[in-house]
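Asks: One letter stands for each residue in the lines below.
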Amino acid sequence: KAGVTQTPRYLIKTRGQQVTLSCSPISGHRSVSWYQQTPGQGLQFLFEYFSETQRNKGNFPGRFSGRQFSNSRSEMNVSTLELGDSALYLCASSSQGPSYNEQFFGPGTRLTVL
Amino acid sequence: SQQGEEDPQALSIQEGENATMNCSYKTSINNLQWYRQNSGRGLVHLILIRSNEREKHSGRLRVTLDTSKKSSSLLITASRAADTASYFCATTSNSGNTPLVFGKGTRLSVIA
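Chains as they are written, first to last, in the working numbering: chain W, 1 to 114; chain X, 1001 to 1112.
Honestly, the hints are just simulated from the structure, not real lab data. Among the hints, a few may not be true.
[What the hints assert, rightly or not] Some chain W residues close to chain X (C-beta under 10 Å, calculated; not the full set): (1) Gly42; (2) Gln44; (3) Phe60; (4) Ser99; (5) Gly106.
[To be verified] Over the 12 Å line for every Cβ pair with chain X, so calculated as not near, a few chain W residues: (6) Gly16; (7) Ser65; (8) Leu83.
Values in this document were obtained by computation on a predicted structure and should not be read as measured data. Beta carbons are placed, not taken as given, at the ideal position from N, Cα and C, and that holds for glycine.
The shape of chain W in the complex, shown without the other chains (with noise of 0.2 Å):
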C-alpha cells in the first residue's frame, strides 16, 4: 500500500498570503488529521476529518481551515499568513481515528512564510 502523502513538501510564501496544502491518505483510511510542529510549541493538532466531516478540531484561529472529500483527501488552507505560521504541516490518517488505532503519517509540508 502507498503511504500518507502530502504536496507540496516546501512552500515559501510571504505575511498577507494564503496557501493550501494537500494530503492523500492510504487507501482506505477515513480519517484524516492535520498536525502543526514548531519548535517552541511542539505537536499542535489542528483538525480531524472523517468520511468528509469535521470531527474535532484544535485551538487555532478561525484562518485555518480544513476539508476532506469523497476519496478521504484532505486540504487544509491558511489564509492571511502570518510569520508565526512558519512551520512544518503534518497530516495523519488511519481507518477509525487516533482513538481506535495508530496513525500513520505523510512526510510532511515545510512551509515558510517571510
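Keeping the supplied structure of chain W fixed, place chain X upon it in accordance with the hints.
Replies: Quick look at chain X alone, frame taken from chain W:
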C-alpha cells in the same frame, strides 16, 4: 496544550546500551502511543498501548503503562546509531473520539 511530558528532554548513549524514556500525562486516557521522528520528517508509529494494558513489546521496544501514576516508559534495548531520533508520546482521552495530544519529545542520540 501538551498533555504528555517526556523525560529526559535529551539523552545520549553509546551503541549497544539501553535507552529509557519516560512520559507523564495529566488526564485519564484511552490509549497512549509512542512515535519516532527523524530530523524534521514525518512521524513513525512505534507502539500503541491501551489503558487496560500494562506492558507491550515490539522487537527491541518495550513499553509500560502505569495508569495510577499517569506515566509510561519506552525502553529501547541494544540501541543502534539508526535509533537516533526524537521520540514522542501521545495520548487520547477517554471521553469519546479525541485527537492525539503530543508531548514535546525526547531527543535520543546513539553514538557509534
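Asks: Under the criterion of a CB-CB separation shorter than 10 Å, is Gln44 of chain W in contact with chain X as hinted?
Replies: With Cβ-Cβ at 8 Å, under 10 Å, it holds.
Asks: Against chain X, does Ser65 of chain W keep a CB gap of more than 12 Å to every residue?
Replies: Label holds. Min Cβ-Cβ 17 Å, cutoff 12 Å.
Asks: Checking hints one by one. Is Gly106 of chain W an interface residue toward chain X, by the C-beta closer than 10 Å rule?
Replies: Holds. Min distance 5 Å.
Asks: Confirm or reject the statement that Gly16 of chain W sits farther than 12 Å, beta carbon to beta carbon, from all of chain X.
Replies: Holds, because the least Cβ-Cβ distance between Gly16 of chain W and chain X comes to about 26 Å, which exceeds 12 Å.
Asks: For the restraint on Ser99 of chain W, tell me whether the closest CB of chain X is nearer than 10 Å.
Replies: At 5 Å from the nearest chain X Cβ, Ser99 of chain W passes the 10 Å test, so the hint holds.
Asks: Less than 10 Å between beta-carbons is the criterion; does Phe60 of chain W satisfy it with respect to chain X?
Replies: Violated, because the Cβ-Cβ distance from Phe60 of chain W to chain X comes to roughly 12 Å (cut-off 10 Å).
Asks: Per the CB criterion, is Gly42 of chain W less than 10 Å away from chain X?
Replies: Check passed: Cβ of Gly42 of chain W comes within 5 Å of chain X, closer than 10 Å.
Asks: Is the nearest Cβ of chain X still more than 12 Å from the Cβ of Leu83 of chain W?
Replies: holds, 19 Å
Hint 3 from the earlier list is the only one contradicted by this structure; the remaining hints agree with it.
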